[in-house]
Each structure stands twice: as structure tokens, then as C-alpha cells.
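**Q** With chain A fixed as given, assemble chain B onto it according to the hints.
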Amino acid sequence: MEMPRPNSEVLLKKAKVTAALRAILPHDAVIDNPSETRAYECDALTAYRCPPMIAVLPDTTEQVSDILKICYREGVPVVPRGSGTSLAGGALPTADCVILGVAKMNQVLETDYENRLIRVQSGRTNLSVSGAVEEEDFFYAPDPSSQLACAIAGNIAMNSGGAHCLKYGVTTNNLLGVTMVMMDGEIVEIGGGYLDASGLDILGVICGSEGQLGVVTEATLRILPKPEGARPVMIAFDSNEVAGACVADIIKAGVLPVAIEFMDRPIIEICENFAKAGYPECEALLIVEVEGSEAEIQDQLDRICTIAQKHSPVELRQSQSDTESAAIWLGRKSAFGAVGQVADYMCLDGTIPVSALPEVLRRIKELSEHYGLRVGNVFHAGDGNMHPLIMFDANKEGDLELCEAMGADVLRLCVEVGGCLTGEHGVGIEKRDLMGDQYSADDLEIQMAVKDVFDPSWLLNPAKVFPLSVSETRRAS
Amino acid sequence: MSTAIFPEDEASLSAAISDAAGPLQILGGGTRRIGRIPGGRKLSTARLKGIVLYEPGALTLVAKTGTPVADIEKVLIAENQRLAFEPMDHRILLGTQGTPTLGGVMAANVSGPRRIQVGAARDFALGVSFVDGSGQLLKNGGRVMKNVTGYDLVKLMAGSWGTLGVLSEVALKVLPVSETQATLKIHVSSWAQAVACMSAALGTPFDVSGAATLQEADGALGVIIRVEGFEASIRYRMTELKTHLAKFGEIEEILSPWSEVKDLPSWAPLDTVWKVSVRPTDALRVIATMHEFQKDFGFKCQLDWGGGLLWLGLDAEQLGDLPACVQLHNALQGTVAQLGGHATLIKSGILREQNIFHFQPLSRAIEIVTQTLRGKFDPRGILNLGRMS
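In order, the protein sequence lines correspond to chains A and B. Numbered by the working numbering, the letters in the first sequence go through residues 1 to 477 in order. Numbered by the working numbering, the letters in the second sequence go through residues 1 to 389 in order.
Keep in mind that the hints were calculated from the coordinates and are not lab data. Just so you know, not all the hints are guaranteed correct.
To be verified - Quick list of in silico lysine-lysine cross-link-like pairs, DSS-like style, CA-CA up to 30 angstroms:
(1) Lys262(B) / Lys167(A)
(2) Lys252(A) / Lys376(B)
(3) Lys310(A) / Lys74(B)
(4) Lys252(A) / Lys262(B)
(5) Lys262(B) / Lys226(A)
(6) Lys69(A) / Lys376(B)
Chain A on its own, in the form it takes in the complex:
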């Protein structure tokens, strides 16, 4: 993975920029010692590391504005960072950048149950947003699997999803407004406690822009009353095709589960060895969860089971209690950890039309054989959001490159069948160079023109999202 060469003129300004930042921030909010900036050298895509020139940890929107004014004036690139949980390298620094971490900005600014919204500083973690409204039985719906650690800032940057977005949507569907600081330091309000935009839907393009258009410091989020209860059913099949057909039939029948999770044989075996969740011996496993009152849950589960029975499942296990629900979820929720125990892995998140599921699984298996790398598939089947986990050995020479080559082939396959490169993790550096497989040069040009509007000097997170060769002239100017 190539990153642009650091700008030597910027590196020479390190002392000057550090002094300017120290003048406006508390002493411990500016980190320039190389032994300490190392803490920010990577995010959750740990294969790539580069310590930043300086890291800053502001407390307020005004401080963010002052930081950006300095960086803008001095021409210093800025990489915004939430909690650093990006799987796509969205917060990977360059050697000449200032990392702007919002982790200290974690306050709840307003809770408004009557209007069903909460306003928080963007460094607040996803799960603690729900935590702040739990006592009134409300919750914040998007639930990325890193929700214990990941920040709302990163959720907005990547338009994060989660297991329950089949019913509740992703971040963009639950975001009402932001306070954002533009690269020149100007603080702007976009959206608020009301629905829809008054003019162009600027909020819609901010969400998912990977920190390239501005630094979001505060967010107004929609909160929802918690459902009365939820229970899953686990359905095992002896083929991926049949499991895929069952998913389509459930959706067509008008039952809208909150989650439909799909696991294939390699993942089932690894999870079972790790978590001992009691999963049956099978080719494909579905976990389908529904919500509502006890009677509503039972009614929906009965409908789902009737549909599933038509596909002759190997096993069908309806949860009858919280303990049984936890057992069904145990294997799925430990999937990433379990794979991590047996190998290094790369987690992709290409999304496909649900109808292409059997074909894509078959072809991933062929690729796995071709490259000689094991692959497990665990994903949100209701919305076609795949999560192939490609296993490799980081200590073996050439294995990472082999894994990346296979990953690229899998993502090209997703695009070929009508899907996309990334459903919820974002492009970052990881999928940057594949953008040309999904979009034409003109399609990329208009997206870059949007960045030109917000950040004409291309200082914000500049080496991400667009292939380096495509963004080169803009970054150089």
C-alpha cells in the first residue's frame, strides 16, 4: 500500500506548528514526542503504520477551529480520528500530518425525549450514546460491532451500519444534524433537531465522507424507544444456496426481522471450536432475530419457522429464553475473535444483491482454493453486506500481499454482480485503489469536486478514498 511521500517543507515546520498549537491548547493536549505520537500510528487496520508529526486532543469545537486555522495557514495535512477503530485505515496518519483526535470530546450536550433526539460531542462512543438514554428506555439504533469503542465521529465519517440496520437503517438514516469545523476553521451548523434539509442535503454528503470535508465535533442523533423484547431463531442448512433462498423467502413474506445473520461452514467450525455455542454440523447457519412484545415475537418466529421448514433445515432452534438467545448469539458475536485465534485475517465488507449470494459464495470458495488461503463468511444477509474473513500468516513472507490480492478479487466480484466495494467500513486506504473498478473517471471526478468545495487545498485526510494517481494533482497543489 503506497502512501504519498511526506512534504519536507511541512516536516521542517514541526517546531513552529507545535508552538502555535501549544499556545492555544492545554499543555497535555499537544503531543509531539515521537515516543508518544507512536500511539496514533495506526487504527484497526494494523498492517499499516506511520506515526504522525503531531497529535492534538482538543476539548471543544472552538479549539478544533483554532487548530484547523493554524494547520490551514501553515499548509499542514490533518487526519481526523475518533477512537481509531477503522478497519479501512481511515485514520492512518501520514508522517507530515497533525492527527486531530476527538476522543476527549465525549460529553452529552442535550437529551430531548419528547422530540426523541440526543446531542453529543462527536468523541462519545456509540454504545455510551445508548447508555445515556437507557434509563428512559431509549436507544441509539446503529450498532457497529465495535460499538463499545468506536466514536460517533467515526460512525459519521464512515456512515457506519451494524447488525440491526435491516430495520433501523445506518448512521445517515439516524443523523439529524452536525456542528462541523471546515478546514479554514469556520464553524458551521448543518441540520438540527428537525427533519430534512432546507436546501441541498449537505448533511447527507457529510455523512460517509471519511473526514475529508470537515471535522464533525457535535452531532444530533435520533433516539428510539427500546422494543419490549427480542428473540432469535437459529436455522441450519446443508447448503448455502438453500440458506440464501430461505433469506429471500423470509423477506418476501413481509416479516421484517431486525437482523438476519449468515455464517458458512468454515466460520461455524472455527466459532464452535472457540465458543462452544453448540452450533450443529452444517454448511450454513442463519440467525434471525425479531422484536416486539412476547406474543408478537412468537407470532413472527412462527411465521419464519414455517417458511424455513419448507427449505428442509438440518436444525431449527427457537430461543425460549434470554439464556437461549445468548447461546445462539454467542458463536456469531465471537466470530472475529475466534478467527483471530487461529490466524491473522483481513475482514472485507463488500455488499451484494441478496439474490447473488449463492454465486458469490461459490466463487469466493474458488478464489480461496486458487490463492491457497482459507476464507470464512459471516455477514448481514438481510442486506447483502458480506464479511469474508481471509486468513493468512503475517509472519510468512508475501502472505499479506497474497491476502490483499485475493481481497481485491473478492471485492471486484462484489462489484461485478451488481454490488459495491464497501457496505459499512468505508474506503480509507484499504479500498482506495479499487475505486476505479466501481466508478468511472468522471464519477470520481465529481466526488473530488465536492471535496474541492469544502477543502480546496486538500489538507483533510488527503490520501484516502480516491486512488493516489487520481487525486495527485489536487494534493500537490
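**A** Relative to chain A, chain B alone:
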């Protein structure tokens, strides 16, 4: 006056725009004459027709933008699915002719009462193809439910009223039709009680899919609450909601009033109509502004989206003189600017030729961003000029 252009495919749409010698007025079916109607040669997408792909098992439909909404709904209903955001049909309210199209719905981000539960038109757009002001055919998004590949220009195009480009194709997320639905009506004593009642209903876990008001000719005010789903579930939730909402007033179960709420047919005779979006509890401040200016004449009001959407209107007898109407309009937008939100003149009536903002004025910073974005998408400045001003 040049004749209107009706491209029949994307190539001729692209050519029509790149060859345009001057401003273009972009139309779908021409049923939503909202905002300042721009001059220039008419360019309609009405002949870009047809459903390109429909996969009921994947909840996805892709269609050309000139496809009538009714055609799409017909195809969907055969598979027991629907456009869940329930787009409003503006024809009766605005007295327009023609056929509402998918392109118009998306360009104006038109949603109905279910928006409060499932989201707006923009939330159901998965991908778009469009021709920008230079005549380039571009695409963004795709046809899958989750897609964060690059910037989300789908949202930007939805609700841009043809000022950034002309939509040629849209991929939509569709949803199953509910087995059944039911509506409660709660007789409330004031607007404040109405908002409180809707907030209470939406704060329950009973998955309310509509929360609006209905006002009788005699002024009696009712809140209506809709739930949808399977029969047994509906019975349960209706019983629970009745218990939770009993304190707000007498409750009865009524037949579906939702087409009245969505399309406002009884508002057709009105001269001037505004649509206001604010925090639900701020609706009372907007109503107070109306009272202040219309204390002698009265006004018509309907709340939807739990109070977050206000429809406000004046009939011929409620209209003051022209300067008073202009003053009222500016006061409404002023109040909304303070509260956070937007007030849009939907039916301009007496205010048609006035020097006012039909759309809520933007903050200085966002206005600059907006104009610069338009410059990128439409460098010659020919697409639907001033439509959103």
C-alpha cells in the same frame, strides 16, 4: 418560445443538456410547481420510462426517472410491496395536471406520514444516474442496501430540485406492505395537548407509523395515531396505546384517514400554503407566530410527523392584504430560523410574484457551500436556475 425537449434515453438527455444554448427548466411530470419556476426551455424526463430491474427478494427496484409513480406502485403491489416513504401526490393541493414521476419524487425528496417511522424518500434511494450541467452522465451509489463506497451523492441529488443535474435512473429500496393497519383518534383540547399526545405515542415501543392531527370544520382537534403489522400484533398495540394515551382525551378507533393527511385534498381551495419542519415541540412556537399575524382572520393548520411537520394555509377569506401576507411569510421564516428548521412556500398564491424566499434562506456559510457546489455540478448555470431560492 422553443418547444419542450423530451429525451427518450440517457444519451439524448446528455446531448440535450450539453447542446443547450441557455437556461433549462427541468420537469418530470410537472405536478409539483413549488418554488420559483425558472425560465428557459423546458426539458422533461417524462419519456425516460420503464422499470429496469425488480427483485422482490432483495427489496430492490430500479427505474428510469420518467416512470410514473403509479406504474411503480402497481408493480410493487403485485408482490405485496410498496414505497414505504409514502410520497405525497401534490396534484389536488396545487391544482396541477400531469403524472407524478419517480424523478419528481426524488428531486423534491417527497415523503408522506410514514416518514416519521421509516425515513424520507432520500433514505430509500440506493443509487442514482444523472446528467450534470455539462451533459456528463454520472452515477453514484448502486442497488444494494448498504453502500459507503465514496461520497454519498445520492443524498445530495435527492431534494436538489434539478439544480445539480437531471436524474435519469434511481435504484430504490422497497418494503413489504403490512398485513393490516389501524388508526386511533384522540380528541384533544389544544395544539399543546396534540403535540404532547403524539410525543407520548412515538415514545412508546409500539412502532407508531403515523402521528398527525385532523381538525373538524367546527374546529374540534383530533390526534391520529397509526400502527401497522400483523393482525394479532395490531390488536395488542392498539390496546396498549389506548391505555398510554387515555389521559389526553376521549379515544376511538377510526377508518384510515391517511390519504387526507398525506395529500391534503380538503386544502385544494386554499390560496397560500406553507410546509414547515421544526422540532415537534417547537411547532407550538410556529403556531403562535401564525396566531399573532392572523388573529383576526384565522388560518388552517395540520401537524404531521409527530408535530415536526406543520402544514399552514390561508383561504381567500383568511388572506390579509398583500403587504400583510408578505410580512407573515417573512415572520414565519424568521421564527423558524431562530428555532432551527425550515419553512417553504408550497402553494404561493397571492405571494407568487413577490420578492421573497420560497425556500428557507440558508446561513451564510451554507449558502456559500451551496453556490460553490452548484458551480461544480452546473458550471454554466443553466439547470433550474433559482428554483430553490
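**Q** Indicate, hint by hint, whether the structure satisfies it.
**A** We went through each hint and held it up to the structure:
1. Taking the CA atoms of Lys262(B) and Lys167(A), the gap is near 23 angstroms; set against the 30 angstroms cutoff, the hint holds.
2. Between the alpha carbons of Lys252(A) and Lys376(B) the distance comes to roughly 42 angstroms, so the proposed pair goes past 30 angstroms and is violated.
3. As the CA atoms of Lys310(A) and Lys74(B) are separated by approximately 29 angstroms, the hinted pair is consistent with the 30 angstroms bound.
4. Proposed proximity of Lys252(A) and Lys262(B) is supported: the alpha carbons are some 26 angstroms apart, at most 30 angstroms.
5. At roughly 28 angstroms between alpha-carbon atoms, Lys262(B) and Lys226(A) fall within 30 angstroms of each other, so this suggested pair holds.
6. Restraint check for Lys69(A) and Lys376(B): satisfied, since their Cα atoms lie roughly 25 angstroms apart, inside the 30 angstroms limit.
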